[in-house]
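So the protein lines, in turn, are chains A and B. Heads up: the first sequence at position 510 corresponds to 491 in our numbering, and the numbers run straight through without jumps. Heads up: the second sequence at position 291 corresponds to 272 in our numbering, and the numbers run straight through without jumps.
Some hints could be false.
Identical chains blur together in the list; that is why a pair holds if it fits in one copy or across any two.
Unchecked claim - Think about it this way: if two alpha-carbon atoms lie no more than 25 Å apart in a straight line, the pair counts; the simulated PhoX-like pairs of lysine-lysine are: (1) K452 - K72; (2) K97 - K124; (3) K232 - K452; (4) K372 - K452; (5) K518 - K232; (6) K181 - K372; (7) K(-15) - K511; (8) K516 - K232.
Worth flagging that the hints you see were computed from the coordinates, not collected in a lab.
Number of protein chains: 2
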Amino acid sequence: MSKKVVIVGGVAGGASTAARLRRLDEQAEIIIFERDGYISFANCGLPYYVGETIVERENLILQTPEMMQNRFNIDARLHSEVVAVDGVQKKVTVKSADRGSYEETYDVLVLAPGAKPFIPPIAGVHSDKIYTLRNIPDADRIKAAVDQKRVHRAVVIGGGFIGVEMAENLCDRGIDVTLVEAAPHILMPFDDDMVTTAEKELEERGVRLILGDGVQGFAEQGAAETSEIEVALSSGTRLTAEMIILAIGVKPDVEFLKDSGLKFGPRGHLIVNEHMQTNIENIYAVGDAIQVIDFVNGSETAIPLAGPANKQGRIAADNICGIDSVFRGSQGTSIIKIFGLTGAVTGNNERTLRRLGIAYRVVHVHPNSHASYYPGASPIALKVIFDEKGKVLGAQAFGYDGVDKRIDVIATVIRMGGTVDDLKELELSYAPPYSSAKDPVNMAGFLAENLLASRTDLFVTSEIDQIDREKAVLLDVRSELEYETGHIPGSVLLPLEVLRQRLDELDPVKEYWVYCRVGFRGYLAERILKQRGFKAKNLSGGYSSYEIAQY
Amino acid sequence: MSKKVVIVGGVAGGASTAARLRRLDEQAEIIIFERDGYISFANCGLPYYVGETIVERENLILQTPEMMQNRFNIDARLHSEVVAVDGVQKKVTVKSADRGSYEETYDVLVLAPGAKPFIPPIAGVHSDKIYTLRNIPDADRIKAAVDQKRVHRAVVIGGGFIGVEMAENLCDRGIDVTLVEAAPHILMPFDDDMVTTAEKELEERGVRLILGDGVQGFAEQGAAETSEIEVALSSGTRLTAEMIILAIGVKPDVEFLKDSGLKFGPRGHLIVNEHMQTNIENIYAVGDAIQVIDFVNGSETAIPLAGPANKQGRIAADNICGIDSVFRGSQGTSIIKIFGLTGAVTGNNERTLRRLGIAYRVVHVHPNSHASYYPGASPIALKVIFDEKGKVLGAQAFGYDGVDKRIDVIATVIRMGGTVDDLKELELSYAPPYSSAKDPVNMAGFLAENLLASRTDLFVTSEIDQIDREKAVLLDVRSELEYETGHIPGSVLLPLEVLRQRLDELDPVKEYWVYCRVGFRGYLAERILKQRGFKAKNLSGGYSSYEIAQY
Ligand SMILES: Cc1cc2nc3c(=O)[nH]c(=O)nc-3n(C[C@H](O)[C@H](O)[C@H](O)COP(=O)(O)OP(=O)(O)OC[C@H]3O[C@@H](n4cnc5c(N)ncnc54)[C@H](O)[C@@H]3O)c2cc1C
Ligand SMILES: Cc1cc2nc3c(=O)[nH]c(=O)nc-3n(C[C@H](O)[C@H](O)[C@H](O)COP(=O)(O)OP(=O)(O)OC[C@H]3O[C@@H](n4cnc5c(N)ncnc54)[C@H](O)[C@@H]3O)c2cc1C
Ligand SMILES: CC(C)(COP(=O)(O)OP(=O)(O)OC[C@H]1O[C@@H](n2cnc3c(N)ncnc32)[C@H](O)[C@@H]1OP(=O)(O)O)[C@@H](O)C(=O)NCCC(=O)NCCS
Ligand SMILES: CC(C)(COP(=O)(O)OP(=O)(O)OC[C@H]1O[C@@H](n2cnc3c(N)ncnc32)[C@H](O)[C@@H]1OP(=O)(O)O)[C@@H](O)C(=O)NCCC(=O)NCCS
């Protein structure tokens, strides 16, 4: 007997479930309920549609209900909101634009309602000059306001991925953009010592950044058409604009499930097992609405990203059809374009590891995206985090080229449970336009190996303030020219090239905190000093990392 | 007591050994003997210097003897050829330009002499219009001839990586280039059903290709300055040019070792163990001159590439200093730029696996480099080879963007011993400018999983000729327009979108060989057909792969 599968939500998770289901079971009856007017659209493309990088609106729509019907024999019903789920009677209640309210029974139910923008309960937040961005109608509204030249100044609240993408895209449209972030830095998945690269790029491209300052309230001003809105910040700062983009995070879109008997996690996410099954039989859930296992540390988390949502949909379909597929958790691999810059991250950052009390080590390197002698090479700031046994826990990178590749390679190593020795050994493709004979990932592996073997000792920028100047000397081993162009206050110059000759100038009682531009010459100096009986350590990532962290 | 390490060859393997050695042992006496006038130069950049993509000659030189002295306290001696090795007395004989012939003792000897261009014993091969390319003087000679406008037509003999790079770079200089390859196809690491993409790109950019035709002899013609050289091919074809680039492969540069007692493999490579030790105590060898283990199939092979050479140098240094590092073999990851196109490969190809009698399965996919709705996406032709248990054995890709990333990710999975299930699960970075929610690597994993689970049966282009038209129907499930624009001869059109309605037109006795553009719709059709009781299989990679293989 053919089964009837009802799916709530018709985009990343829902549509993926449906498509895979049909391939596995030609007989099943498959119904998708979608509250909005579109299924299967490119959420991730919306900021670029506003920014007019994506020009054709229709390109945002991957599948229409007609295509779903013809290709997949799937009944996708638009403007059909599921308002209640009855897991005992196995039916859902649907509020439909054209058919009114009705019930639909199911053999299997799949919940893929996603997450919606979080709207804080603060004064004036319901103004029509305040926009959120989740779906095509949202993008249409924002774009219309921009197209009609009603917006000269915009304030983006929230420095997450969507906030930063919107800041860039509004800026691309010639709008004067201010981005406000309550935390000390934007883009939470990155650590403070890396993310300043992104902040610098934004500011250099004309986006004004206000960090560490929260929104207290909004107040509309002026007459209807030309009117402005004022944002009041905790610090007392007031900003005026014609448009506010509110992008301070998302929360599971699951209110309609509150009486369903389904179990939720501490932050309101649906709880599922590795087969995507909820606590109620025959009810599966996938996507932004669920809680997942952090692949690296095993804790419970939520990772609202399209890759996991799509994969979970496929896994749910497998299990519905008796195929034993499992979801082994998310590692939070993500990436963002910030004008010309790319930032990418995978696994855990220092903040997460500290919070969980997991011990870790860190290396910073700045190798070129490809062979330095081939035109167009640019440095990648790459940070790799690993445990005492060398197991890779996370990585972060910023740069203008080749960042996605390196983070994807490290994401792969993490997924396979690999160590820094694996990073070191990886045989990656090399010709001058693409990489170096020792790829940046190999380089990070070498350095990590040296650290774990105590061949090098590293210090990081934040430790510089704690140097006891009585006992330690901050030694710059770059050239005189580099030193004069800029150096860490209090440092003494002794270029690597003359270090061996001038060792007698050094005091064997003191500890030498060495640095160079990226860490390579510092490491050479450290090795010389140590083997000549001095105490020495090297600045991880060198002056480059220092400058990033200081920004 | 400090040890004395003598290194023969001062480039990739030799210089890497020396540098790591110094970091590990500040006391060691380190001498590099280099026959030529340069150490530590960018071999891989030479074609691009000829082509003037790399403009500054000095950029090709990474380290000079002076820099080696100042930074590493290493004594690098140029124009110093080691002509004999005495492993019993532990000394080498050196023929030096300035010091004449002398002996140098060692505690440890590292051999990194590399490989030299193979010069076939055919008539006229010693003409000064025939060039090979290994080092800076070679590049200088070729570039001088081009700069002086003495070259209007060039014939490149050999379609390996260096031959193809030279064809491109000479073409970039406005020279009329013909490339001759004796095998049926260029770029051996790729299989025949993939490499035609590269051949097409070369021809479209104006390089004339002559495949499956060998050189029989050369004959100089005309007066000295304006003179030409004629190439006679086995087929009878004769080509005339002012320059011949001979690039038919390399062989270990080890003649000076013939009386050393060192052991060589069947093709003349030095045999070493995983610590890079030769059969003679205290003699190590690294780089192009050695035989290595094929990481995928465990057989003996030689992989003359810079990445392995550099890593082997580091491993040799480690072992010399008592650190137990091992080289676990090469998987032959390599990459080439062919004008705008990129081709990359890792692991074993079908040819190798067939030769070794290893059973394998193959999938072809053509996903876009990034989200299709974001500008600039272009398809990647990706082929993945794996065994019956799903273990990934190799991959090949061609495309205009993102090829290096996908091959590096798969190279990582191979290195970690992973399967197609791992490809499927990998959590790679996704935002529209960089990838799709299901990365091309994931896609290949999905398809491979389906194949192994017999959810899909695939056929490849080369099987089409064997179809028994009595028993089987070649079914094109694309649109009418696509069919009319071009289809496989003898195929019948039945678009996917109307397949379910028109199933009664099909004959349940026949087997349906389905195809579409890339394989996706064909797969959907196959799934429908199979579940409705028909026998069906799908063309791997669809019409796109067919067109590539037919080229
Ligand atoms: C602007 C933007 C940019 C993004 N960029 C990226 C990116 O670059 N990379 C990345 O990995 N991820 C990105 N994401 C996140 C990604 O889009 C989501 O992770 C993914 O879409 C989640 O899939 P889902 O199926 O869980 O939810 P959704 O795709 O949100 O789909 C849920 C659907 O369910 C419908 N629905 C909800 N409740 C009901 C109900 N009761 N009845 C009927 N229908 C209902 C909703 O209308 C919605 O259409 C972005 C998201 C946004 C908004
Ligand atoms: C044109 C070209 C392009 C290339 N492109 C790439 C690429 O894109 N990617 C890639 O991975 N690889 C590439 N390679 C291959 C790469 O350069 C080699 O794999 C690598 O250099 C091998 O290192 P090696 O140390 O073994 O030998 P080499 O780098 O060749 O160094 C050996 C040195 O030893 C010296 N020598 C030899 N015999 C003696 C002796 N008896 N006494 C003293 N000195 C001696 C030689 O003069 C030579 O300088 C390319 C090679 C060439 C020639
Ligand atoms: C498009 C969508 C409906 C999924 O549809 P889908 O049919 O699974 O299509 P995909 O393009 O993902 O293709 C994957 C399938 O095609 C198969 N496939 C891909 N290329 C193939 C080829 N060349 N040959 C054979 N099969 C192929 C894969 O194996 C897989 O099938 P499987 O799951 O049965 O193994 C759904 O992902 C969606 O709605 N996406 C838009 C929303 C979204 O994701 N938003 C967030 C990102 S912007
Ligand atoms: C350049 C060459 C001399 C090698 O020198 P090297 O000193 O090993 O330098 P690399 O740039 O490879 O750097 C690697 C070292 O720096 C360390 N390092 C790199 N970045 C670092 C950083 N930011 N902080 C600390 N250490 C760093 C690595 O750990 C590694 O040291 P280790 O081997 O002791 O672990 C040698 O590779 C060479 O001659 N190359 C040119 C020839 C060639 O390779 N040709 C073929 C390709 S064109």
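Hints, verified against the model:
1. K452 - K72: neither (74 Å within a copy, 47 Å between copies)
2. K97 - K124: Classified as within: same-chain Cα gap 19 Å, cross-chain 62 Å, threshold 25 Å.
3. K232 - K452: neither (51 Å within a copy, 57 Å between copies)
4. K372 - K452: For K372 and K452, neither the intra-copy (34 Å) nor the inter-copy (56 Å) Cα distance is at most 25 Å.
5. K518 - K232: Intra 45 Å, inter 44 Å, cutoff 25 Å: neither.
6. K181 - K372: neither (32 Å within a copy, 44 Å between copies)
7. K(-15) - K511: Answer is between; shortest inter-copy Cα gap is 21 Å, intra-copy 71 Å.
8. K516 - K232: Classified as neither: same-chain Cα gap 51 Å, cross-chain 47 Å, threshold 25 Å.
In terms of the numbered hints stated before, the structure departs from hints 1, 3, 4, 5, 6 and 8, listed from lowest to highest.
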